[in-house]
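K.L.:
Sequence:
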Amino acid sequence: MSATQIESRSPLTWGAGTVTFTVALVGYLTANLIPLMLLALENIGVPASEAGLMMTGNLLATAVASLLAAPLVAGRKRRVTARFGLLAAVIGFGAAALAPADGILLPAALVFAGLGAGAAAAAGGAALAAFQGSNRAAGFNMLFNRGSNAVLLALVPAVGLSMVSVFGAAAAVALVALAVTGFLPETPSESVEVAPVPGAVPVQNTRVVLSGFALLGLFAIWALSEDSLWAIAGTMGADQAGLDDALLGLVLSLSTIGGLAGAFVVVLLGPRFGRALPLALMLVVGGSLKFASTVATDAVAYAALLVAWNFIYGVAYTYFIATAAGLDARGRWSGPILGVYLIGSSFAPLFATWAVEVSGYQGFGWMIAGVSVLLVVPMIVIARISTKQEAVTGTPAAADPTA
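Residue numbers are given in this note's numbering: position 21 of the sequence shown equals residue 62, and the series is strictly consecutive.
Bear in mind the hints are in silico, worked out from the structure with no lab data behind them. The C-beta atom is built at its ideal place from N, Cα and C for all residues, glycine as well. There could be a bad hint or two in this list.
Said to hold, decoys possible - Label pairs and their in silico Cβ distance ranges: (1) Ser294 with Asp339: 18 to 26 Å; (2) Ile132 with Thr97: 16 to 24 Å; (3) Asp143 with Asp280: 31 to 39 Å; (4) Leu202 with Val250: 40 to 48 Å.
Construct the complete structure from the given sequences, taking the supplied hints into account.
P.N.:
What follows is the structure in C-alpha coordinates.
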(Lines of atoms letter the chains of each structure in order from A and count residues from 1; the text may use other names and numbers.)
(Lines give C-alpha, C1' and ligand atoms only; values in the text may rest on other atoms or scores of the structure.)
Protein backbone atom coordinates (compact mmCIF):
# COMPACT_ATOMS: atom_id res chain seq x y z
CA MET A 1 0.00 0.00 0.00
CA SER A 2 1.45 3.36 -0.93
CA ALA A 3 1.77 6.10 1.65
CA THR A 4 0.61 9.67 1.26
CA GLN A 5 1.51 12.99 2.86
CA ILE A 6 -1.31 14.03 5.17
CA GLU A 7 -1.96 14.90 8.77
CA SER A 8 -2.07 11.82 10.99
CA ARG A 9 -4.08 11.05 14.11
CA SER A 10 -3.03 8.99 17.12
CA PRO A 11 -4.94 6.23 18.93
CA LEU A 12 -6.99 7.42 21.89
CA THR A 13 -5.20 6.21 25.03
CA TRP A 14 -6.33 6.67 28.63
CA GLY A 15 -3.33 8.86 29.46
CA ALA A 16 -3.47 11.26 26.52
CA GLY A 17 -7.25 11.29 26.60
CA THR A 18 -7.46 12.14 30.30
CA VAL A 19 -4.97 15.00 29.91
CA THR A 20 -6.90 16.39 26.93
CA PHE A 21 -10.24 16.11 28.69
CA THR A 22 -8.87 17.74 31.86
CA VAL A 23 -7.48 20.74 29.97
CA ALA A 24 -10.76 21.14 28.05
CA LEU A 25 -12.75 20.82 31.28
CA VAL A 26 -11.38 24.15 32.55
CA GLY A 27 -13.19 25.96 29.75
CA TYR A 28 -16.53 24.54 30.91
CA LEU A 29 -16.14 25.26 34.64
CA THR A 30 -18.07 28.52 34.76
CA ALA A 31 -20.86 27.31 32.47
CA ASN A 32 -21.41 24.27 34.69
CA LEU A 33 -20.76 25.78 38.12
CA ILE A 34 -22.51 29.10 37.51
CA PRO A 35 -25.45 28.37 39.88
CA LEU A 36 -22.99 27.87 42.76
CA MET A 37 -20.85 30.82 41.69
CA LEU A 38 -23.85 33.16 41.65
CA LEU A 39 -24.92 31.98 45.10
CA ALA A 40 -21.40 32.45 46.48
CA LEU A 41 -21.26 36.00 45.10
CA GLU A 42 -24.64 36.87 46.57
CA ASN A 43 -23.61 35.39 49.93
CA ILE A 44 -20.83 37.98 50.27
CA GLY A 45 -23.20 40.83 49.50
CA VAL A 46 -22.91 41.21 45.72
CA PRO A 47 -26.33 42.20 44.31
CA ALA A 48 -27.89 39.57 42.05
CA SER A 49 -27.77 41.83 38.99
CA GLU A 50 -24.08 42.61 39.52
CA ALA A 51 -23.28 38.95 40.13
CA GLY A 52 -24.99 38.09 36.85
CA LEU A 53 -22.99 40.74 35.01
CA MET A 54 -19.73 39.45 36.49
CA MET A 55 -20.40 35.89 35.39
CA THR A 56 -21.57 37.05 31.96
CA GLY A 57 -18.26 38.89 31.64
CA ASN A 58 -16.43 35.70 32.56
CA LEU A 59 -18.32 33.63 29.97
CA LEU A 60 -17.88 36.20 27.21
CA ALA A 61 -14.16 36.41 28.01
CA THR A 62 -13.99 32.62 27.72
CA ALA A 63 -15.75 32.72 24.34
CA VAL A 64 -13.56 35.50 22.93
CA ALA A 65 -10.32 33.92 24.17
CA SER A 66 -11.32 30.56 22.71
CA LEU A 67 -11.82 32.12 19.28
CA LEU A 68 -8.64 34.20 19.43
CA ALA A 69 -6.53 31.25 20.57
CA ALA A 70 -7.83 28.93 17.84
CA PRO A 71 -5.05 29.66 15.28
CA LEU A 72 -2.37 29.20 17.95
CA VAL A 73 -3.62 25.85 19.24
CA ALA A 74 -4.00 24.49 15.70
CA GLY A 75 -0.29 25.21 15.18
CA ARG A 76 2.91 24.65 17.12
CA LYS A 77 1.96 26.78 20.13
CA ARG A 78 -0.73 24.48 21.55
CA ARG A 79 1.02 23.57 24.79
CA VAL A 80 2.38 27.08 25.34
CA THR A 81 -1.09 28.55 24.84
CA ALA A 82 -2.58 25.98 27.20
CA ARG A 83 0.01 26.74 29.89
CA PHE A 84 -0.54 30.50 29.74
CA GLY A 85 -4.30 30.03 29.72
CA LEU A 86 -4.33 27.62 32.64
CA LEU A 87 -1.97 29.82 34.66
CA ALA A 88 -4.31 32.77 34.05
CA ALA A 89 -7.27 30.63 35.14
CA VAL A 90 -5.49 29.58 38.34
CA ILE A 91 -4.60 33.19 39.17
CA GLY A 92 -8.01 34.56 38.18
CA PHE A 93 -10.16 32.02 40.01
CA GLY A 94 -7.78 32.07 42.97
CA ALA A 95 -7.95 35.86 43.22
CA ALA A 96 -11.74 35.76 42.91
CA ALA A 97 -11.90 33.30 45.81
CA LEU A 98 -10.14 35.79 48.09
CA ALA A 99 -11.28 39.14 46.65
CA PRO A 100 -13.59 41.47 48.62
CA ALA A 101 -17.11 42.09 47.35
CA ASP A 102 -16.40 45.77 46.71
CA GLY A 103 -13.92 47.19 44.25
CA ILE A 104 -12.54 46.27 40.86
CA LEU A 105 -10.47 43.23 41.88
CA LEU A 106 -13.33 40.71 41.87
CA PRO A 107 -14.78 41.46 38.40
CA ALA A 108 -11.28 41.88 36.96
CA ALA A 109 -10.22 38.53 38.38
CA LEU A 110 -13.26 36.82 36.88
CA VAL A 111 -12.62 38.30 33.43
CA PHE A 112 -8.95 37.28 33.68
CA ALA A 113 -10.00 33.76 34.67
CA GLY A 114 -12.39 33.66 31.72
CA LEU A 115 -9.64 34.61 29.28
CA GLY A 116 -7.46 31.84 30.64
CA ALA A 117 -10.27 29.30 30.58
CA GLY A 118 -11.00 30.17 26.95
CA ALA A 119 -7.41 29.55 25.91
CA ALA A 120 -7.47 26.22 27.77
CA ALA A 121 -10.76 25.23 26.12
CA ALA A 122 -9.31 25.97 22.69
CA ALA A 123 -6.19 23.92 23.41
CA GLY A 124 -8.16 20.98 24.77
CA GLY A 125 -10.68 21.13 21.93
CA ALA A 126 -7.93 21.24 19.31
CA ALA A 127 -6.08 18.34 20.94
CA LEU A 128 -9.29 16.29 20.77
CA ALA A 129 -8.94 16.25 16.98
CA ALA A 130 -5.55 14.53 17.24
CA PHE A 131 -7.20 11.21 18.13
CA GLN A 132 -8.48 8.53 15.80
CA GLY A 133 -12.21 7.86 16.05
CA SER A 134 -13.63 11.34 16.64
CA ASN A 135 -17.05 10.01 17.65
CA ARG A 136 -15.67 8.01 20.56
CA ALA A 137 -13.15 10.71 21.51
CA ALA A 138 -15.91 13.33 21.66
CA GLY A 139 -18.12 10.93 23.62
CA PHE A 140 -15.45 10.21 26.22
CA ASN A 141 -14.76 13.95 26.48
CA MET A 142 -18.44 14.62 27.17
CA LEU A 143 -18.56 11.82 29.76
CA PHE A 144 -15.49 13.19 31.53
CA ASN A 145 -16.83 16.74 31.45
CA ARG A 146 -20.33 15.93 32.72
CA GLY A 147 -19.06 13.44 35.28
CA SER A 148 -16.42 15.79 36.69
CA ASN A 149 -18.84 18.68 36.97
CA ALA A 150 -21.45 16.46 38.62
CA VAL A 151 -18.86 15.58 41.27
CA LEU A 152 -17.99 19.25 41.78
CA LEU A 153 -21.66 20.24 42.01
CA ALA A 154 -22.13 17.63 44.73
CA LEU A 155 -18.90 18.16 46.69
CA VAL A 156 -18.69 21.96 46.83
CA PRO A 157 -22.01 22.48 48.67
CA ALA A 158 -21.17 19.51 50.91
CA VAL A 159 -18.02 21.22 52.23
CA GLY A 160 -19.83 24.55 52.59
CA LEU A 161 -20.80 27.05 49.91
CA SER A 162 -18.40 30.00 49.93
CA MET A 163 -16.19 32.00 47.60
CA VAL A 164 -13.19 29.93 48.66
CA SER A 165 -14.91 26.58 48.10
CA VAL A 166 -16.47 27.46 44.72
CA PHE A 167 -13.79 29.55 43.03
CA GLY A 168 -11.04 27.72 44.90
CA ALA A 169 -12.30 24.46 43.41
CA ALA A 170 -12.17 25.99 39.93
CA ALA A 171 -8.61 27.19 40.56
CA ALA A 172 -7.63 23.73 41.81
CA VAL A 173 -8.96 22.04 38.66
CA ALA A 174 -7.03 24.53 36.51
CA LEU A 175 -3.89 23.85 38.57
CA VAL A 176 -4.20 20.09 38.03
CA ALA A 177 -4.64 20.68 34.30
CA LEU A 178 -1.59 22.96 34.28
CA ALA A 179 0.50 20.25 35.93
CA VAL A 180 -0.24 17.72 33.17
CA THR A 181 -0.20 20.04 30.15
CA GLY A 182 3.19 18.71 29.08
CA PHE A 183 1.41 15.50 28.04
CA LEU A 184 -1.18 17.29 25.87
CA PRO A 185 -1.08 15.82 22.32
CA GLU A 186 0.99 17.90 19.93
CA THR A 187 -0.38 19.28 16.68
CA PRO A 188 0.04 16.60 13.96
CA SER A 189 2.64 17.43 11.34
CA GLU A 190 1.28 18.21 7.90
CA SER A 191 4.14 16.34 6.24
CA VAL A 192 3.96 13.02 8.08
CA GLU A 193 3.56 9.90 5.92
CA VAL A 194 0.40 7.95 6.61
CA ALA A 195 -1.14 4.86 5.11
CA PRO A 196 -4.39 5.92 3.42
CA VAL A 197 -7.60 4.11 4.23
CA PRO A 198 -8.68 1.92 1.27
CA GLY A 199 -11.44 3.58 -0.72
CA ALA A 200 -11.12 6.92 1.07
CA VAL A 201 -11.15 9.96 -1.19
CA PRO A 202 -9.68 13.27 0.03
CA VAL A 203 -12.09 16.18 0.23
CA GLN A 204 -11.11 19.42 -1.49
CA ASN A 205 -9.65 21.88 1.01
CA THR A 206 -12.07 24.64 -0.01
CA ARG A 207 -15.05 22.45 0.87
CA VAL A 208 -13.49 21.58 4.23
CA VAL A 209 -12.87 25.24 5.07
CA LEU A 210 -16.38 26.27 4.04
CA SER A 211 -17.79 23.37 6.05
CA GLY A 212 -15.76 24.44 9.08
CA PHE A 213 -16.99 28.01 9.05
CA ALA A 214 -20.56 26.87 8.40
CA LEU A 215 -20.33 24.41 11.29
CA LEU A 216 -19.21 27.13 13.71
CA GLY A 217 -22.08 29.39 12.68
CA LEU A 218 -24.70 26.64 12.82
CA PHE A 219 -23.43 25.42 16.18
CA ALA A 220 -23.87 28.91 17.64
CA ILE A 221 -27.45 29.04 16.32
CA TRP A 222 -28.16 25.58 17.73
CA ALA A 223 -26.73 26.64 21.10
CA LEU A 224 -29.06 29.66 21.10
CA SER A 225 -32.12 27.48 20.48
CA GLU A 226 -31.15 24.81 23.03
CA ASP A 227 -30.11 27.07 25.89
CA SER A 228 -33.05 29.43 25.37
CA LEU A 229 -35.37 26.57 26.38
CA TRP A 230 -33.17 25.77 29.38
CA ALA A 231 -33.12 29.45 30.39
CA ILE A 232 -36.88 29.56 30.93
CA ALA A 233 -37.49 25.89 31.75
CA GLY A 234 -38.35 26.63 35.37
CA THR A 235 -40.59 29.62 34.64
CA MET A 236 -42.43 27.94 31.77
CA GLY A 237 -42.91 24.74 33.76
CA ALA A 238 -44.40 26.66 36.67
CA ASP A 239 -46.66 28.77 34.43
CA GLN A 240 -48.01 26.03 32.18
CA ALA A 241 -47.53 22.70 33.94
CA GLY A 242 -47.57 23.59 37.62
CA LEU A 243 -43.97 22.44 38.08
CA ASP A 244 -42.90 22.96 41.70
CA ASP A 245 -39.39 23.51 43.07
CA ALA A 246 -38.99 19.92 44.27
CA LEU A 247 -39.79 18.46 40.85
CA LEU A 248 -37.61 21.07 39.16
CA GLY A 249 -34.67 19.97 41.31
CA LEU A 250 -35.29 16.36 40.30
CA VAL A 251 -35.43 17.38 36.65
CA LEU A 252 -32.07 19.17 36.94
CA SER A 253 -30.46 16.09 38.47
CA LEU A 254 -31.95 13.68 35.96
CA SER A 255 -30.98 16.01 33.11
CA THR A 256 -27.32 15.68 34.08
CA ILE A 257 -27.71 11.91 34.02
CA GLY A 258 -29.47 12.19 30.66
CA GLY A 259 -26.56 14.13 29.19
CA LEU A 260 -24.12 11.51 30.47
CA ALA A 261 -26.25 8.73 29.02
CA GLY A 262 -26.31 10.49 25.65
CA ALA A 263 -22.53 10.72 25.53
CA PHE A 264 -22.26 7.07 26.59
CA VAL A 265 -24.47 6.05 23.67
CA VAL A 266 -22.09 7.79 21.24
CA VAL A 267 -19.11 6.01 22.84
CA LEU A 268 -20.86 2.66 22.44
CA LEU A 269 -21.84 3.31 18.83
CA GLY A 270 -18.44 4.65 17.79
CA PRO A 271 -18.23 4.86 13.98
CA ARG A 272 -21.36 2.72 13.53
CA PHE A 273 -24.04 4.53 11.50
CA GLY A 274 -21.49 7.24 10.67
CA ARG A 275 -22.06 10.78 11.83
CA ALA A 276 -24.61 12.38 9.50
CA LEU A 277 -27.55 10.03 10.10
CA PRO A 278 -27.40 10.03 13.94
CA LEU A 279 -26.97 13.81 14.07
CA ALA A 280 -29.86 14.42 11.68
CA LEU A 281 -32.06 12.07 13.71
CA MET A 282 -31.13 13.81 16.96
CA LEU A 283 -31.94 17.23 15.48
CA VAL A 284 -35.40 16.09 14.37
CA VAL A 285 -36.22 14.30 17.63
CA GLY A 286 -34.73 17.12 19.70
CA GLY A 287 -36.80 19.70 17.85
CA SER A 288 -39.96 17.67 18.46
CA LEU A 289 -39.21 17.37 22.18
CA LYS A 290 -38.52 21.10 22.45
CA PHE A 291 -41.85 21.94 20.88
CA ALA A 292 -43.71 19.37 22.98
CA SER A 293 -42.25 20.83 26.17
CA THR A 294 -43.65 24.26 25.32
CA VAL A 295 -47.22 22.94 25.08
CA ALA A 296 -47.15 20.40 27.95
CA THR A 297 -49.64 21.17 30.73
CA ASP A 298 -48.92 18.24 33.06
CA ALA A 299 -46.01 18.57 35.49
CA VAL A 300 -44.85 14.95 35.20
CA ALA A 301 -45.11 14.96 31.40
CA TYR A 302 -43.22 18.25 31.25
CA ALA A 303 -40.47 16.87 33.48
CA ALA A 304 -40.19 13.70 31.37
CA LEU A 305 -39.95 15.76 28.18
CA LEU A 306 -37.13 17.88 29.61
CA VAL A 307 -35.16 14.82 30.72
CA ALA A 308 -35.63 13.15 27.32
CA TRP A 309 -34.60 16.36 25.57
CA ASN A 310 -31.42 16.52 27.65
CA PHE A 311 -30.55 12.97 26.61
CA ILE A 312 -30.99 13.90 22.94
CA TYR A 313 -29.02 17.09 23.57
CA GLY A 314 -26.11 15.04 24.94
CA VAL A 315 -26.03 12.85 21.84
CA ALA A 316 -26.36 15.76 19.41
CA TYR A 317 -23.77 17.91 21.19
CA THR A 318 -21.27 15.05 21.08
CA TYR A 319 -21.80 14.53 17.35
CA PHE A 320 -21.35 18.26 16.72
CA ILE A 321 -17.96 18.11 18.49
CA ALA A 322 -17.02 14.94 16.62
CA THR A 323 -17.89 16.63 13.33
CA ALA A 324 -15.60 19.55 14.15
CA ALA A 325 -12.78 17.21 15.19
CA GLY A 326 -13.14 15.11 12.06
CA LEU A 327 -12.74 18.09 9.73
CA ASP A 328 -9.12 18.81 10.69
CA ALA A 329 -6.62 16.73 12.68
CA ARG A 330 -4.89 19.92 13.86
CA GLY A 331 -8.04 21.05 15.63
CA ARG A 332 -8.68 24.10 13.48
CA TRP A 333 -12.43 23.73 14.02
CA SER A 334 -12.67 21.82 17.30
CA GLY A 335 -10.51 24.47 19.00
CA PRO A 336 -13.00 27.38 18.72
CA ILE A 337 -16.13 25.21 18.99
CA LEU A 338 -16.76 26.03 22.67
CA GLY A 339 -16.30 29.74 21.96
CA VAL A 340 -19.05 29.87 19.35
CA TYR A 341 -21.31 27.79 21.59
CA LEU A 342 -20.88 30.26 24.45
CA ILE A 343 -21.60 33.19 22.13
CA GLY A 344 -24.88 31.61 21.07
CA SER A 345 -25.65 30.59 24.64
CA SER A 346 -25.01 34.09 26.01
CA PHE A 347 -27.93 35.46 23.98
CA ALA A 348 -30.28 32.61 24.95
CA PRO A 349 -32.00 34.26 27.96
CA LEU A 350 -32.60 37.47 26.00
CA PHE A 351 -33.95 35.59 22.98
CA ALA A 352 -36.18 33.35 25.09
CA THR A 353 -37.82 36.17 27.02
CA TRP A 354 -38.31 38.22 23.83
CA ALA A 355 -39.81 35.28 21.90
CA VAL A 356 -42.23 34.40 24.70
CA GLU A 357 -43.29 38.03 25.07
CA VAL A 358 -43.92 38.36 21.33
CA SER A 359 -45.51 35.01 20.50
CA GLY A 360 -46.18 33.14 23.75
CA TYR A 361 -44.80 29.78 24.79
CA GLN A 362 -46.22 27.89 21.82
CA GLY A 363 -44.84 30.41 19.33
CA PHE A 364 -41.50 30.16 21.10
CA GLY A 365 -41.73 26.38 20.72
CA TRP A 366 -42.24 26.65 16.97
CA MET A 367 -39.19 28.91 16.73
CA ILE A 368 -36.75 26.67 18.58
CA ALA A 369 -38.10 23.50 16.96
CA GLY A 370 -37.81 25.17 13.56
CA VAL A 371 -34.15 25.93 14.18
CA SER A 372 -33.41 22.24 14.74
CA VAL A 373 -35.27 21.20 11.59
CA LEU A 374 -33.58 23.86 9.45
CA LEU A 375 -30.16 22.63 10.56
CA VAL A 376 -30.78 19.05 9.42
CA VAL A 377 -29.81 19.35 5.73
CA PRO A 378 -26.69 21.52 6.12
CA MET A 379 -25.47 19.40 9.03
CA ILE A 380 -25.91 16.20 7.00
CA VAL A 381 -23.68 17.70 4.30
CA ILE A 382 -21.07 18.93 6.79
CA ALA A 383 -21.06 15.68 8.78
CA ARG A 384 -20.51 13.65 5.60
CA ILE A 385 -17.60 15.86 4.60
CA SER A 386 -16.19 15.48 8.10
CA THR A 387 -16.46 11.68 7.93
CA LYS A 388 -14.75 11.57 4.52
CA GLN A 389 -12.01 13.92 5.67
CA GLU A 390 -11.33 11.81 8.75
CA ALA A 391 -11.30 8.63 6.65
CA VAL A 392 -8.30 9.82 4.62
CA THR A 393 -6.38 10.40 7.85
CA GLY A 394 -4.82 7.01 8.36
CA THR A 395 -2.24 5.73 10.81
CA PRO A 396 1.45 6.61 10.37
CA ALA A 397 2.91 4.63 7.48
CA ALA A 398 5.59 3.14 9.72
CA ALA A 399 2.84 1.41 11.67
CA ASP A 400 1.42 -0.20 8.53
CA PRO A 401 3.25 -3.40 7.62
CA THR A 402 2.15 -3.12 3.97
CA ALA A 403 3.32 0.46 3.54
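K.L.:
List in ascending order the numbers of the hints, as given earlier, that are violated by the structure.
P.N.:
none
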